[in-house]
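Dock chain one against chain two, each of which comes alone in its own frame, and use the hints as you go.
As they're listed, the protein sequences go chains A and B. The numbering of the first sequence is numbering that gives the first Met the number 0, which starts it at 0 and goes up by one. The numbering of the second sequence is numbering that gives the first Met the number 0, which starts it at 0 and goes up by one.
Everything labelled a hint here was simulated from the structure, so no lab data went into it. Any given hint might turn out to be false.
Here are some, though not all, of the chain A residues that point toward chain B, as calculated from beta-carbon distances under 8 Å [unchecked claim]: (1) P302; (2) A303; (3) F308; (4) D408; (5) A410; (6) I416; (7) A441; (8) V619; (9) A669; (10) G680; (11) V791; (12) Q793.
Within a straight-line C-alpha distance of at most 16 Å, the following computed EDC-like cross-link-like pairs (lysine to aspartate or glutamate) qualify [unchecked claim]: (13) A/K766 - A/E97; (14) A/K820 - B/D93; (15) A/K300 - A/D877; (16) A/K712 - A/E97; (17) A/K621 - B/D24; (18) A/K693 - B/D24; (19) A/K264 - A/E131; (20) A/K584 - B/D93; (21) B/K23 - A/D552; (22) A/K264 - A/E239; (23) A/K60 - A/E131; (24) B/K23 - A/E764.
All values derive from a computational prediction rather than experimental measurement. Backbone N, C-alpha and C define an ideal beta-carbon position, used for all residues, glycine too.
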Amino acid sequence: MRKLFLQMTGLIYLISLPYFTFSQARDISGRVTDTKGLPVVGASVTVKQSAQGTMTDADGKFKLNVPSGSTLIIGSAGYRAQAFNADDLAAGAQIKLEEDVARLDEVVVTGLATAVKRRNLANAVTTISSKELSGVAPAQTFDAALEGKIPGAYINANTGAPGGGISVKLRGVTSVYGNTQPLYVVDGVFVDNTATSAGLNVVTAALGNGAITSNANGSTQDNPSSRIADLRAEDIESIEILKGASAAAVYGSKAAGGVVIITTKKGKEGKTRVSISQDLGQISVRKLLGVRHYTDANLAKDPAASPSFIQAFKDAESAGLPMHDYEKEVWGNKGFARNTVLSVSGGNAKTNFYFSGSQKDEGGIMKNTGYRNSSLRLNLEHRLTDNIKIGVSSNYINSSADRGLTGNDNAGVSVGIALSSTPEFAQLHPDASGNYPNNPYAASNPLQTIALMTNNEAVNRFITGLNLEAILQKGKKSNTKLVGKGGIDFYNLETNAIFPSILQFQAVNKGTSIQGFTKNLNTNYIFSLVNTLTPSDRLSLTTSAGLTQETGDYNNLLNVATQVIAGQSNVNQAGALNAQQTRIKFQNEGIFIQEEASIIDALMLTAGVRFDRSSNNGDVAKYYAYPKAGISWNLTKMNFLKNDLFDNLKLRAAYGEANNVPAYGSKFTAFNISNIAGNPGLIVNPQEGQPGIKPERQTELETGIDFSLLKGKLSFELTYYDKNIYDFLMQASLPSSSGFTSEWVNAGNLRNQGVEFGMNARPVESKTITWNTSVNFWQNRSSVTKLIIPSVPQGSFGYVLGSFQIQQGKSATQILGLDGKGGVSKLGDAEPTFQMSTYNEITFFNKLSLRFLLHWKKGGQNVNLTSLENDFGGTSADYDRVTNKAGLPDGFYRITQVGSDAHEFVQTSSYLRLREIGLYYSFTKLPVSYVKGIRVGVSLNNYLTITKYKSYDPEVSNFGTGFSSGVDVDPYPVTKRADFHISFDF
Amino acid sequence: MKKNIAIYMVFLLSAGLIFSSCKKDYGDLNHATVESFTKNASVSELNNLVSGTESGLRNSLALYLDVVGIIGRELYHFSTSEPRYVTDLLGANDAKLSNSNFYITNTWASRYAVIKNCNVLIQAANNSTLVTASQKSGYIGFARTIKAYQLLMCLNQTDSNGIRIDVSDPNNLGPIVGYDDALTAIASLLDSAKNDFSNADVAFSLAGFTGFSNAGGLTKANRALAARVAVYRHQWDDALADLNESFFSLQGNFNTGIFNVFGTGSGDQLNTFFIPQNQTGEVRLAHPSYAADIEANDDRIGKATLRTAVASLNGLSSDRDIWVYTSSTAPIPIIRNEELILIYAEAQIQKNDLVDAVAALNIIREGHSLPDYSGTVSQPALITEMLNQRRYSLFCEGHRWVDMRRYHLLDQLPIDRPEDNVWTEFPLPVSEQQ
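Next up, chain B with everything else stripped away, as it sits in the complex (with noise of 0.2 Å):
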């Protein structure tokens, strides 16, 4: 007994040798951590920040650009697979908003996710030695400019439900703030980064900034989502003089602006709104409003063609294909010139300097083949001139529903179903509401 005792004290002995000589750790074998950047950050590695920032902006976006557009009357997303594009957005029978379901939770986390990088991106560019104080000021205003149009798109989701402004510490997250609150510090924030890129170097480069991706270039770029965000907020003033400082041209090309790029390389990716026309099953529909209510001659009337054969899906059909995007690598836009003399219309509008409204408007209609305005010049009238221009123009880029609940006009866009509703905002996420 005792001679077995004492083998097995030096088997466990030896056992005991061998196993804290070789302990493991294997480390993570698939990926970069946080912890490792956050610590002294090398310009590429800061790149590499701001290139995954850039290239985030597009995830979940065909997603949102659907549901808003849904909602909004735009259009129909025919999916064998996925009903709740026609029951739950639509208002179909008793369905309604569900703060678990994807069009809001995968949209809310995406836009979250890009701007937890941007915050990884202030916090590696603050901790790293190996930049010179006015690039690290470049990275911290493209990030801040970034945060403030991510968190634009969640508010124009949840609107009066609010947003988490404050988001810096995972572990402790600021409150909830409502719509109001929100919007001022979106504003705030594009201040802020405005202010960064005043004495920045812009050591980065951009895809889809193409003509502003130095410190002047970002500088107007921020400006140009600040005039967005003075509208929403009714601070015409601030909008004018916003515009002053951006891309705004009443006379420049519409398409000038900063966009979502796609591409087919490695690890990019594609335009997931593109489908190609006279699809079945899987199809982007206009919604027949569209075709019903344009003027004639619009040239606008070509984002939303023909089909060979109409789409008809749970009692809801449409016969023309959405061709914004028009293939699987066209562009996206962030914000671009269009917009930009539109909301310095609206900015006049409710100024009342009427004569400049028209003037603008009209830029509008003749890019677009129309003859000038020659309605009523009123205020009541311009701004119903001018939201069915933005509807036209803005067509699939995410607009038309924010812009009639601005002006509580909800109530007038068509009703295909009669059980259907109009939702006017979605329900925060499940996993805010902890």
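So here's chain A without its partners, still in its complex pose (with noise of 0.2 Å):
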């Protein structure tokens, strides 16, 4: 047996203490810094081989006994590791730490309860720093701030509404009708992410008549937010992706569509640091798309324009009436965005904290609508014992999201379907006294619908999470330690959507209050035993086995009223009140087994194992099993590849498998209520139960290969993944005269494959400035392999206008349509031909910073409503060019299309974007010395973009985080923002 060596991660480091008495010991101190001489704070210092270690101080010092002859490992997140022989350290001694460009020594969490080295990683596992998700120029919401950051991932935006609303999807189609989101993780907590309707579709009727909400095949048209935008960035230290299978199946059941690991800002040892941050920023709308002017000339020769229309705009004109442009007026509010932020960390050598309270709040672009958060956190860490620690994380989250009336409908009654068909003539405005006329070119009039409604959505949510660390053995060659994490995520979510009788749409309904209620709780906890045998120092095992159990419980009544009384909204103030209520309970079990094996620290296997069984599953007690495994061979820790071109190479291969349970009730074949004057009635529901249901299984090979060159200034990553999902869940069509519409079948395979590219560089360090940038690249194709199920469309809108259909042998994203030529031919393809980002960051003299993110999305289709939506109402902005063969007005052109070629409304949603750009200033030598620091800075988001698309936004996905993505209604546009930035260090 050769020498001794022990591997540990940094969360041994941090909970261990030495243990040990040696006889020859000496005491060493030091001091850490950057290269710039600037202070490291919390640097582990450690002896090699032993569990003996410290942290470095506010001044970056340090102090630490130990035996002579041993060796010191010194590191820092985002910095490299270095060795040194405690015995050349003298007294004082002044250690230089270089910056880990390619972040190579980044602790990244692989497992329930271990985690390694970035250097040893099998997988590509995409990281953000707090700096890149906040720190540029800060989007509408957390979840929104993601876009362009995380390689592999396609995300598009539900709604521009103020408190956002997102879809995100991580390598590709990873379920059909199925779950296609990724688990959010918060601290150990699985944090719930369901999108609830307010109920809207009773007034917009977007999905068929009667429905209260427009839930369907996964999705929803009402554009509800996310509830994972409840999280204020601010308060999150890191971000890791787990991105499939590969990486993620240690999660099991919820881990399918991945994992987004958020861990929030903790306390560090030392002075208390107080820092307060204030923004000050205006919203407005990032495009419109203009309005059509009418003349004489154009309409004579617009066939679909009626004698009595022209006539109305001969009046108008004859009467010198005022044209307005209500796109403009209904979209072209600048909305003020404030947002204030005040934490307090700090702590001593057995507890720290972090303590947050924030609030921001913001209008929108549209009239009375807006969004505020106001959020409370308290992090606090505590070691009981020396083998003992505990941590709490406790956020309070109250937001309200005022969010206005867009997207599908079928009423004419949403802002934009209303605008579609309302001319610059019509006379909307109100009187004197108030009273809005009756528009007469929509069921609606947009100005009172924006001035008299209400759809806010007001929650209030608790996340708490618990976290135990316990070392239960200590020994010179193993240590075992019980780990436990676990917490609940708790919310009541108001919705108040309230329609007064004397809107113009309310001539039936005679006003509609719709009061929504949910209660939702989530627990789980996961309980494991971490056992770290090092039989030499050649070789590491690390060997964990545990519980896991997730439960959630929704709860969901929503009350419509209508004929409601004058100036009222509670719903018994009405002539007629309808209730529906919506429960959904689950519960998971799983157990894991995992071995990692650390050899030479250059070749890291792991196994593992996970066994499943959920209450949603045909057979609740049958547990499904999910393995996964990993190699990553780092060839520059061998002794036959030292030289000094790389500074790191890596070969990486990784294997796992996940699932996806099937939706809550799939099992069951449903009556719905269904009355008639007063008798209860009941109707076999459309969805067919499948009593047999299975959850569908993912599996994903990764391999890749990691460099870094020139002294890990220059590193690259590159990933291949071959993503195969199994038995995927679909509703499938059934004949309807069989009383059902669909059944939940496990209808087929289907096959992700995708390549990476990622590469870190700081092409230009001087002393005067510093340049570092990151480039991705990544792109996805799917393909259906096996479906037993007759193909039909899916989702959208028929063929007519283009729909998706799952085919085997093709994408699985693929949009068909008409083609013009009598039949139904591919358009399109909602998958990007590939994405790219690049994000920079360039300091002038350590104190001026400049940071930028550009996204372009090359290919993929959108089915694109909007501009048809006008064209059919004869209000675009190009209605009258002619540029056709047929030489008639472009819009009246384009709608003879309907009905027999679909490829207008197919259309490419390429775009290049500059995403976030922010320039910031930091004061460091001030004239008082109670304020450490001072930063200013001011940015810009969604600022440039350049795209053909022809609507308010290539990113958009108003269906919902369903499987129809790239859906085009009639949306509230997206918008962009001017922020100014200044925050104070105490």
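So, in structure tokens, the structure goes:
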């Protein structure tokens, strides 16, 4: 046996204290700084082959008693760890740490209770730091801030309305009608991200007649916000994204869509730090489509203009009535945005804390819309004994979003739809006493709707996480600890939608009030035992095993009152009342075991298996097994590849399986309430139950090569993945003559293959300028490899306007439609050809920092009905241009294509976007001593986009988070924002 | 190492014990399930199915009246958010009816959902030990009558493309049956329901069957529908026989009959065909030919009231709102006496009993402030008159298109725009073509 070597993770450094006594020991001390001489606070200083160690204080200083002849490892997050011979370190030595451009020493959480350094990782795990997340130009919500920062992700906005609503898909379509969204884990708590409909379908009739909510096929057309948007980006220390089963298998049945692991900020030992930051900004519409200007000449050439319409225009013209750009009037509001964050953090050897209180308040681009979020967070860590550490993170959030009425609609009431048929000569403004005229050109007067309606979502939410680490056994070669993590996520959501009887479209219902009350409680825990065994210094084995459980209890009550008494909103102040209650409960249980082996710090082998069962499965008692395995081989750590060119060279491969449980209730054939004249009635639900429903299973093989050159100043990461989804869940269309229109089935297999390429570099580094850059490229291709049910159009609007369709041998996201030659052909694919992004930070004189994020999406099609609606209503800006062969006005010509050719509606949505750009200046030498630093900055978000896409924004998904992404139906337009930032550190 | 393995073993073992004891199955927290109803249903459970069935008749009914009315050139539905009412359905430009669009998929699915409910009702009644044999007959007779009516509505849309009759086993559906065979099957379903009612005890209450809610009344309603099917089948003697057993009355109120009723109660439905007068944006308008072709003094002009402003969309316009259903709780007829009188007239014309036919048509004319029929008394002339009276009497009740098709006269329906087409039938929904 050769020399003993103990590989330990950063986590263990923190919790371990010296317990060996050495005969020959000496005190050493030193100061750790970065290359510019600034102290590195909280750097870990540990003795190799032992659990002995300490951390640097606020000045970067440390003191440690070490045995002579030992090796010290000094490192810190964001810096490359370095080894020193303790005997060579003089007292008060100055140690300079180099920045870890390639992030090789970053610790990445890979297991439920274990972590490894990035240099040994078998997967490409994306990490987003606090600075990248919110330090450039803050986005509307936390989830919107992920856009362009995750290679492998395809992110769309369900709506531009205040409060957001984002659809995130990692590495392609992972499910058809199952959950496609990733799991969010905040400090060990599985956080709910349900989008709850406010029942707007009652007035919009977006989905058929009668239904209260437009929830179908895993998506909703009511454009609710995602609940994950409640989180505050400012509290987040870092985000890790496990993009597929190969990395996320330990999360079992919830991991098929990937896992987003969020770690919030913690206090550090040392002086208490107080920081206040204030943002002030303006939100405005990113783009307007423009409106049609009518003239006698162009109306005469318009076959769709009826004589009465032409007459109305002539009358308005001769009466000298003002012409209005209603689009600008409706979406032209400038929203004021403010955001204040106070944070206090600090700690001592036993306890540390992080507290933050924050509030943001934003106006919308439509009057009477806006978003307010107030949040309190307290994170505490306490060391009970040398062997036991507990941590609590708690977060209270209160948010309120006024979201307007936008999106798909079959009643002519949503603002975009009403605008689409309202000509500039319509007179919609209120008279002196505030009475709005009826809009003769649409079912609603959008100005009246905006002024008088309410659509509010209000949330009160508690997220509390608990962490326990207890060392059960410590020995020279082995130590064992118990890790317990878990927590609760509880929220109350109130949705309040009021449409007073005075509204034009309330002529029948005479006032509608829809009051929704939702209570959701999620709990989860993980208990695991972790043993680290180091039989020799060339081998380290980490074994972990444990239990997990997740539960969910969702209860939604929607009350729909019509014929509401004027001025009232309570649902009992009404002539008629309907109610709908939806409850969802589930419990998932898992058992896992995982083994990680590190051989001479160069070869890392991982294998594990998880067994899962769920109350949503057909067989609730059956455990499904999900194995995983990984290997990473760091060639530069081997003797045969020691050269100056490669600083680091690693080959890696990982395989894993995960699943997606069936939707709640898919086992049962249910009855729906169908009353008549006071007789309670039941009618068979059109969805047939499937008692034998199984979870869908995902397997993913990921391989890659990572290398860094020039002492880590230039690093590359290349990844290829092959992700197969077996037995994917689909709501199969049944011949509706069976009485059922759909049933959940395990319908077939689906494959996603893709490549991700990442580069991190520091092209310029001098005393005056430092430039850090990262470039990412990613693409994904999907293919349906097996389909056991007949292929029919899915989602969207049928072949006439372009429809998704799952077909064996074809891309899962293909869009089919009428091809103008009498048949149905593929007209597009929602999948982009590729995406690329680059994040850059250029620092001048260590004080002035310019940061920007560019994002290019090439290819991929949307189903654009916004332009169609405008053509159909005769209001599109280019309506009267003649560029078609038929010599008709373009707007009219495009309408003539409806029913024979859908090419016009399936549009490429490529874009190049300067997503975020910010310029910040730090003052560090200040005249007063109690202020340690001031930072000021300006930023622009979403200000520059180059696209040929003919609607408000190419990043659109108005049908929610499900499979039908890229559908564009008169959304609340996407916004841009300009902010001024100032922050003080005390 | 051994010690660790022991720890894990104990840990996993205890884990296994904890887990096997707490597996969860929450059931369906939101709904009653079909499985539970088909075991041994009580009277109140069976009555829930009856009411659900009656209520379900109204699902997509406004859409059905829309699509057959639009193709039959009775009405326009202008909707700023839904172009297909004025494009596909009128055959604008190159537009065709699609087998995946709402105008066939939604109506078809809604009808077959009711048929499914009827089949569950039959199964539940047969499996129940809590009801008497005659009560069973009542449930089954009702279920069969409604099935026949729903199948007929599907067939009205798909015509020669046929419908599926045998749908009792969702996993093993019967074949698509052509027009003639489908009508035969519908007629025999109605006949077997009549037989069920002959010794039935009705243990349920209905909302829209006022006066026809006992076994005798349900038989009359059943025969009224049978008469409609008989004329579709050109079985004129059968039609007259069915009328005799129905609530047909030459002197009776035109509006005696069975109806879909609407209400504001919880879980109930409103008449969504109703739109107040003079609305904009979302409107239903009478086709301009309705007013243009109407005889002077016909009070049925009141079914299409003049608007304060012309409504127009996509090259179409009309100055009359539809005013057949004048509130959101106005009932929509399933079948009523006015149609039965016209069926009587039709059967008599076809049997060449023209005097009785004219007498019946005059009852209709007089009922609408018109003078007696003064035209030629011949079979062709009276057919024209009969169809015209049907057009005005049954306006927006879903008949015009079907009637003109029955008599091969679709080419006489007016075309508004040069490229428009009059469709003869809908394709089968895409889901049926598998």
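Go through the hint on A/A669 and say holds or violated, using the shortest Cβ distance to chain B against 8 Å. 3 Å, holds
Has the given pair, A/K264 with A/E131, been kept, meaning a C-alpha gap of at most 16 Å? 15 Å, holds
Going straight from one Cα to the other, do A/K712 and A/E97 come out at no more than 16 Å? 10 Å, holds
Hinted pair A/K584 and B/D93, Cα distance within 16 Å: 50 Å, violated
Sort out whether A/E239 lies within 16 Å of A/K264, counting only the CA atoms. Cα-Cα ~14 Å, so holds.
Does A/G680 meet its interface restraint, that is, does its C-beta lie within less than 8 Å of any C-beta in chain B? 3 Å, holds
Grab the minimum C-beta distance from A/F308 to chain B and call the hint holds if it beats 8 Å, violated otherwise. Result: holds, 6 Å to nearest chain B Cβ.
Please verify whether B/K23 and A/E764 have alpha carbons no more than 16 Å apart. 60 Å, violated
Holds or violated: A/K60 and A/E131, Cα atoms, limit 16 Å. 28 Å, violated
Quick one, are A/K820 and B/D93 close enough, alpha carbons at most 16 Å? OK: A/K820 and B/D93 at ~11 Å, within 16 Å.
Against chain B, with CB atoms and a cut of 8 Å, does the hint on A/P302 hold up? 6 Å, holds
Minimum beta-carbon distance criterion (8 Å), A/Q793 to chain B: Because about 10 Å separates A/Q793 from the closest Cβ in chain B, which is outside the 8 Å limit, the hint is violated.
In this structure, the earlier hints numbered 12, 20, 23, 24 are contradicted, and the remaining ones agree with it.
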